[in-house]
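Starting from the known structure of chain A, arrange chains B, C and D on it as the hints suggest.
4 protein chains.
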Amino acid sequence: MISYQLNKKKILNDPVFGFINIPYEFLYDLMQHPWFQRLRRIRQLGMTHLVYPGALHTRFHHAIGALGLMQDALKVLEGKGQVITSEEKMGACAAIMLHDIGHGPFSHALEHSIIKDGHHERISLLFMERLNREFNGALEMAIKIFKDEYHKRFLHQLVSGQLDVDRLDYLKRDSFFTGVSEGVIGTERIIKMMNVVDDNLVVEAKGIYSIEKFILARRLMYWQVYLHKTVLSADRMLVNLLARAKELLQKGEKLFGTPGLLELLNQTCTLRDLSSSDKLLETFASLDDDDVAAAIKVWAKHPDKVLGDMARALINRNLFRMELHNEPLSPEYVSDLKNQWMKKNPDHKHLVHYYVFTGDTENHPYNPTEENIRVLVKGSAPRDLIDVSRELNVSVVTQTLTKYYLCYPKCLLNVSP
Amino acid sequence: MISYQLNKKKILNDPVFGFINIPYEFLYDLMQHPWFQRLRRIRQLGMTHLVYPGALHTRFHHAIGALGLMQDALKVLEGKGQVITSEEKMGACAAIMLHDIGHGPFSHALEHSIIKDGHHERISLLFMERLNREFNGALEMAIKIFKDEYHKRFLHQLVSGQLDVDRLDYLKRDSFFTGVSEGVIGTERIIKMMNVVDDNLVVEAKGIYSIEKFILARRLMYWQVYLHKTVLSADRMLVNLLARAKELLQKGEKLFGTPGLLELLNQTCTLRDLSSSDKLLETFASLDDDDVAAAIKVWAKHPDKVLGDMARALINRNLFRMELHNEPLSPEYVSDLKNQWMKKNPDHKHLVHYYVFTGDTENHPYNPTEENIRVLVKGSAPRDLIDVSRELNVSVVTQTLTKYYLCYPKCLLNVSP
Amino acid sequence: MISYQLNKKKILNDPVFGFINIPYEFLYDLMQHPWFQRLRRIRQLGMTHLVYPGALHTRFHHAIGALGLMQDALKVLEGKGQVITSEEKMGACAAIMLHDIGHGPFSHALEHSIIKDGHHERISLLFMERLNREFNGALEMAIKIFKDEYHKRFLHQLVSGQLDVDRLDYLKRDSFFTGVSEGVIGTERIIKMMNVVDDNLVVEAKGIYSIEKFILARRLMYWQVYLHKTVLSADRMLVNLLARAKELLQKGEKLFGTPGLLELLNQTCTLRDLSSSDKLLETFASLDDDDVAAAIKVWAKHPDKVLGDMARALINRNLFRMELHNEPLSPEYVSDLKNQWMKKNPDHKHLVHYYVFTGDTENHPYNPTEENIRVLVKGSAPRDLIDVSRELNVSVVTQTLTKYYLCYPKCLLNVSP
Amino acid sequence: MISYQLNKKKILNDPVFGFINIPYEFLYDLMQHPWFQRLRRIRQLGMTHLVYPGALHTRFHHAIGALGLMQDALKVLEGKGQVITSEEKMGACAAIMLHDIGHGPFSHALEHSIIKDGHHERISLLFMERLNREFNGALEMAIKIFKDEYHKRFLHQLVSGQLDVDRLDYLKRDSFFTGVSEGVIGTERIIKMMNVVDDNLVVEAKGIYSIEKFILARRLMYWQVYLHKTVLSADRMLVNLLARAKELLQKGEKLFGTPGLLELLNQTCTLRDLSSSDKLLETFASLDDDDVAAAIKVWAKHPDKVLGDMARALINRNLFRMELHNEPLSPEYVSDLKNQWMKKNPDHKHLVHYYVFTGDTENHPYNPTEENIRVLVKGSAPRDLIDVSRELNVSVVTQTLTKYYLCYPKCLLNVSP
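Protein chains in written order, with the working numbering: chain A, 5 to 421; chain B, 5 to 421; chain C, 5 to 421; chain D, 5 to 421.
Isolated chain A (complex conformation) (with noise of 0.2 Å):
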């Protein structure tokens, strides 16, 4: 039998967003887990701080941000006549609450550095089931919303869609805690606009001009910081980083770290290995970006050329120079760096690829393949966004961006034409 027990007493104080409850006694319950504390322990944007030395909030704060949100959208939805149960209003609130849980030390990062075909939404989806063996089903609603299993599909959109409260709060506090104000979103007149029909969420004609600044802010978001060169730059040498500590444990090296991070740097592990092993799931949620920090520290002082190049370079931030391009670049250029880079050591020639190393990274600020924003038209049917919008091109919002990397230490001659 669940408690719906509402709670009174519980608040957290957060400069984006002021005071937030915790609306019942089960979800302060989940609150106190260790895996759920552990993301106090995961920062939101991994290396950002290298660059915008705010950024150093918490998937852990993300999370009770998203809360407050969740509980504002569902208050909003309430005044507007839906009929939501003290089930479903937890349901949501659980979902929303671990809809992150699954990530992993430096969360995007290193998320196939360690589980290697692991995208965190498949874990975070582990971890609840886990979590709800150990409630004894408090958690059947949230995964079923979390699933959209769950005829109510709003739900699920509020907690992942286009236009869900994850994206609300992570732009906002992102914006927040870097100072790039061209984040900042109108957070609270979007969920004042949202409305349902027939189980669907759609936001009222009215919004529409903040839905538009919304997308266009998160797009300008990952230019300016997601993908930030020299935030690209850490995320990459991290990489390099890992691999090479895994290369050296398998060659039966012996590295400093902690036994968690060693035993998971020691296998390849996958999500099947991750969902068919309690102890090894155990084992990853022991893990946290404390884990990798430590290891970083110390590994800096290893002979490994490698492994001390790349942890001195991110301890003392000596990083790698960072090139983007809007076209692949052409082997001419990289084989260049690449020669300069063995010239001048002649003994690692076979260690180059983790000196100069190239790659893609894309960005959809709006996804036309997943479901789309639905505006509600006085007098008819809700329309697409990209429909009803003269703001928005299709053409251009809708499109893949995708920009190639190049990275090299700087003292290579970058003799781009």
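Keep in mind the hints are simulated off the structure, nothing from the lab. Honestly, I wouldn't trust all of these hints.
One copy or any two copies: either way a pair holds, since identical chains are not told apart in the list.
Calculated pairs, DSS-like style, for lysine-lysine (alpha carbon to alpha carbon, straight line, at most 27 Å) [stated by the list, open to error]:
1) Lys151 / Lys93
2) Lys309 / Lys258
3) Lys382 / Lys414
4) Lys309 / Lys255
5) Lys84 / Lys210
6) Lys258 / Lys14
Using the frame of chain A, we list chains B, C and D on its own:
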């Protein structure tokens, strides 16, 4: 002999940008002039406070804010190696302080009601020339800059261009006082990215995202604030009210009003009249929002139907309905409303044009026929923003958006198809 | 039969607190009443904008802000188990909306210039009673609460007490619009700490630091804003200006003015007159800042020395010097200044009291003769804030601070010892 | 030969104060030094984020913020006629950047756990001297200023005094990141009011209200943030945890940890040791929050009762209850709790002091034994703030507030009288 003595003491407290210095003694004298003090009594956004109750800020406050940003911009450009003399600095500062001094009561709304062909920039220039005589030529440089006749064109571009400190101030200020967060722009960042190439203002490539956001914010502020239906309704009713007052006065009726207001309403005054008569300019310079506001209040009790109806509607905020359409309205629809009104007011059929009326309004977020924003990309000549930006789509951003409006009393039956 | 129908649609955008709901249909009707709309034309801080140019916010905005905080406070108290009926909620909301409705033009500055013994709270009650008749008794509860005749005294204390939502709103709002960060208070935190014991408002012990800060912030705002020398100078000159206008009118001179303003200046009107004549109340209710502002402008050209001097000084912001002292001024010092003035103005000696004048002004940050703020300490009866606080010192905080002022034209020679 | 070359390009984005310049090339080099970069990994407020989840900001961010304010202050003083050479400016900037560089992991909380008698200011000086050698004497002036050995004493007072930019930054920054609006101070206004008389820093009389507010804000931040019960509990448990680790290591047990942390815990290190051994200083300089954080996580699984209990409590935020009293606790009350604990843990009686413990903590909002804030009143020598202020009461503000604490597991029965 003009003195460029520094003014160390005068500081204004601005809730938007913090403390603002008045950098030269002369600018303080200018600020003390009755014509500048009059800007304290002209609201930046006319009737907008009927929708956004905080939007009571004045042209005075805007001019001081823009003066603050001008100082910041000049400091940034000096920091990048531009040599700017005291004379040029003071000229640019004076020009931005006075750029809006030609605005009359209710700014844009009544721009053509009082001076028939009165564009405020032309009137500002008249004022500046008159002030220049009064201050013995101290405004020579300011006038050259204002008229774009000075060879360092970037000084003019900072006063009046697609990226001038005028816009940088008003977007942020209007956003602050309305509470519409959509207009928040990265003013500080944009200014830090300014530079000069061949005497022209450019923006460094790193600032491009902020510029894109600035253009979009401006566009969104148009729809959300500047062309808000209710504001537009109030503006148009005010225009009608003054047109009616003029009509009655010219028929010989007596109306309450300050002497200055009555004098100007009693004639049809043009820019040429204003420039050829010092006395007329003086009268115009005596008017501000308060003259019109007091008249509205007294006219609300006047027996003339139009005068009384319009004045009461404005004073008690019972405004007409305003419809905005993307296409011109069908003549049948408009006739139908007119007929309805005439049926209800059989004795006043000839006044129907005061009650049911149409018009259109335009918006160019970025006007390609004006000089464009130029972006400094490393290793090449400055390029046009539109060519460099991947976010802005020429066809979208440069297009002129026209909205067609229809305004009529709420008691009429909307039978819109 | 009164309807407590919820009003789901009406929302105002407040830059200070965000969106504010108008919770009941009836309150929306009240807001639409011309007497309430008139508050849009009465500034909260009179002439303060001459020093802090952003301080143009109105009594309307303040009333709506306080209405928002009242709703928050009631929700918090309900959350702690208080049962509050719809009738009580609407009553408290209406009472706070109307608590300042009796203010006349320029609020406090002219409080006694227009109605001789006119304390605005007494006039507010007159307005409320008249509105109650007009709305068929819908304001009964609001009036009981306002007069502290309702047994749930906490409702009155929220409207008018040492910790009412009136103060909570105006401190924060005045701080916001002036840009004086000293007045920023933890409104949200204070409201979250409210509770009710035996029908009286108390603050939970955890909130004590915020309360202390609130009291100190109020005190500091007095010195920095409310009693700013230049503001005080403008206020007193305005009082003198109206006194002179009254004098001239009563001598039979003709002056420009709106009919309402002239009618009230032509007589000496008392509270008793106001309460016994509906017509007089109606006239008073027709006045706002605009009547006075328009008169000042026209009077600036009037040949009477006092009227002209004062009006020009106000319109062009050439204000008299204001000295503030902790002790009463020496009669010799004042005489000396008066003599100087008379020497310069030999034909106007009898007018010297308009030009050199003294007075005093008081400030109680926390008035121990009013009902005190009571603090709920676990396990005991509520105790007086002064007894519980270690920060506030009775002798300091409860003392009445008196400042003595002296005002005179800047051209006079200050020979202050 | 030291270069004072201006650094035009380096700008950091600070959500608190906006963009901050690094004014000289040399300061940029200093910022790049690993010892300064290490401050990125030491939080300003230790464990405070367990209560205020936003409070993750670092000593790095604080040092940069204070550097920004130092530049503002120097500009204001120059504007008032002080001649300040480039050498002096760079010295003051370097001194403020490095003023906290001697902090170890978790700042104040572990100040005495790692270096027995380690006051961070003394250690900062050690670091500065070592850096001065490394940078060939470039820090001579900074060290003189830091040690108050330079004749322009105001430079030292800006770095370390009752009104230094250190406090101005941290109060505002801590307030921003915790979300506690009580700490918001008028930084900009205070700096504008600074002046110098006889080489000493003074505040102009107009700034007195802001200073009063600053002192009170500091006091209130103490109670609300710095000495928050839960934070204090976490701090003390962390101290106990490290004490236990030391005890175990010195008994010869093996514990997980980074080499640097283990090296320092394995000995009892004093300031004298640190100053006489470069190697030891280097080891200390390698430590930061991450070393301790990683150890806590691994120790949470250690079989030692104390180590495991404390580590788990910290990692999962199951903290002991903390009582704060104005008087020392009665020995009976403490004994009773100790007895309860020993009864429940009969095998660990000798460890009771880790579980039930007392102590005290002090706070001086304004320390009259330090040099006081001096106020410049027109026409007289600068006077002591306490003598000039009518708001601050000597006996209240200068008194030392002592709180006595008692900490114990929540499972024990509180039988407080």
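Within, between, both or neither: lysine 382, lysine 414 at alpha-carbon 27 Å: between (58 Å within a copy, 18 Å between copies)
Up to 27 Å CA-CA - lysine 255 versus lysine 309, copy category: within (15 Å within a copy, 37 Å between copies)
Alpha-carbon proximity context of lysine 84 and lysine 210, limit 27 Å: For lysine 84 and lysine 210, the Cα distance is within 27 Å only inside one copy (15 Å; across copies 36 Å).
Status of lysine 14 relative to lysine 258 across identical chains (alpha carbons, at most 27 Å): neither (46 Å within a copy, 40 Å between copies)
27 Å Cα threshold - placement of lysine 93 relative to lysine 151: The answer is within: 16 Å in one copy meets 27 Å, while 41 Å across copies does not.
Within, between, both or neither, where lysine 309 and lysine 258 count as close if Cα-Cα is 27 Å or less: For lysine 309 and lysine 258, only the intra-copy Cα distance (15 Å) is at most 27 Å; the inter-copy one is 29 Å.
The structure fails hint 6 only (numbered hints given earlier).
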